[in-house]
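Working from the sequences, and respecting the hints, build out all of it.
Using this note's numbering, you'd call the opening residue of the first sequence number 10 and step up by one each time.
Bear in mind the hints are in silico, worked out from the structure with no lab data behind them.
As the structure is a prediction and not an experimental result, all values here were calculated from the model.
The beta carbon of each residue, even a glycine, is placed where N, CA and C say it ideally should be.
Taking CB as the label site, the calculated pair distances span:
(1) Arg168 to Gly258: 21 to 29 Å
(2) Phe243 to Gly468: 56 to 64 Å
(3) Glu128 to Ala386: 52 to 60 Å
(4) Glu318 to Ser282: 16 to 24 Å
(5) Ala346 to Leu118: 13 to 21 Å
(6) Arg333 to Gln31: 37 to 45 Å
(7) Ser315 to Leu118: 24 to 32 Å
(8) Lys446 to Lys391: 43 to 51 Å
(9) Arg165 to Lys142: 20 to 28 Å
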Amino acid sequence: MELKLYNTLTRSKEIFKPIDPQNVRMYGCGPTVYNYAHIGNARAAVVMDVLYRLLRHIYGTEHVKFVRNITDVDDKIMEAARQSGEGIDVITRKYEKIYNEDMAALGCLPPDVQPRCTEHIQPMQDMIAKLIKSGNAYEAQGNVLFSVPSMSNYGRLSRKNRDELVAGARVDVAPYKRDAADFVLWKPSEPEQVGWDSPWGRGRPGWHIECSAMSEAHLGETFDIHCGGLDLIFPHHENEIAQSECAHGGKVMANYWVHNGFLNMGDEKMSKSLGNVVLVHDLLKKWPGEVIRLALLSAHYRQPLSFTEDLLLQSKAVLDAGYRALQTLRDVEPLEAEEYHEDLYGHLAPLFNDLDTSKAIMDERGRLGQLAKDLNAVGDFKQKRQMKALILTQAKLLGIYQHNPDDWFAWKPADADIDDAVVQSLVEGRAAAKKAKNFAESDRIRDELKAMGIALEDGPQGTTWRYVCK
RNA sequence: GGCGCGGUGGCAGAAUGGCUAUGCAGAGGACUGCAAAUCCUUGUAUGCCGGUUCGAUUCCGGCCCGUGCCUCCA
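Shown next as structure tokens:
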């Protein structure tokens, strides 16, 4: 089966062909670490993670390298540091750690390399020097600017021509720019601002140069896939291409450009001004990470995603039912991968089709239910073991159903005010009332627990309870 | 103004020139002291107007609506 990816560069779905199947390389634009990650950041991370997992599945874990940077120098960080009075490195390390923890809670594998900007100042300066030498950049009043007119095919990715850009520019053009479209590679720092010595004076890097320098350092001049949010197409990625390709004698920076769509909070966009920014950190207090992850993957990655409470509830329902089926299938030992042909039934076809996670998720749910139903029906048991293996393979690529079902149902929110001992004594009280045929009392206790968000289940081995998201 | 994306049942979301997935929720039934879970059954949709066609949700044109980007925002 061939992997197809939508390539922003060509605006079409293409068959993915790596430069070197032994060394498949992808780069993702990572977070600027000065605050908690919001759910939109998480969508980008989760989408990249599914792609990373799929590539590892196809080419082998050892043959895929995923680099996602940490932007730890930036004006917003400097402002946050000024306000809090903390050092920049204190802030950036703190939020880098939180980001990684939050993404891990969403089931994202850590990238192979997480380069920090502040540790790549020299490669950035080297690239800037190269661009000046080749006539693609110039120095002006302590700034170094990329000269957009020096690159004939600038605008290839975003399909913008320069005249429109200049005409539509919303900001005042700095007087030292030779061309309105030129952008900063290096800018001067005030003495109290963070900065590094350079041939052009003490300063700090512009926004785009970091990704060009770090991708070169860790993936080489040309690599396979570059991903990020839709909003990064212009100017960020366009300018990365300009820098890298001019510095590399016109060599292509990345063959495939993969961009995820935005997430809305219901009908409105998520924005600070609307005050509806949802942080992953807060969400994780109320919902299991897999529920959030499934919600983020419930729409195709290029489509807008409407993030709502209802979506989370639905995602929870899907996972609950799936885990219940897995409980039923507990004793079905999945067949080893070598024992069957994976392409069977076209199991992974949706994911190979430009990461159609929504279809994959529903297939997964349907197959789990069917298999649980068929468990005791006549049929080849080996085939059932194989089916379970196929289901688990896809589940791993999606990053769902990664828990033990018993643990899954034992989950409760971190901030829930639920004392296991109290619940247990109530459950026992109800059992006693039931035994005494005092059903009014047993129902009263059940309702009391229900009000606490706890659902009971009377099974053959007694009563179990679990927390239900309300 | 420029470039782009999308409008499918209560919700989510595929696919397709004809027989219209799937999941969640809902309804009815079985089971249960009552529930929960499970099982069985079940309803409802392709924004509007034209065109091409034997036949369009699918192709073409127009319209309406929503939405993204156009210099530091995933």
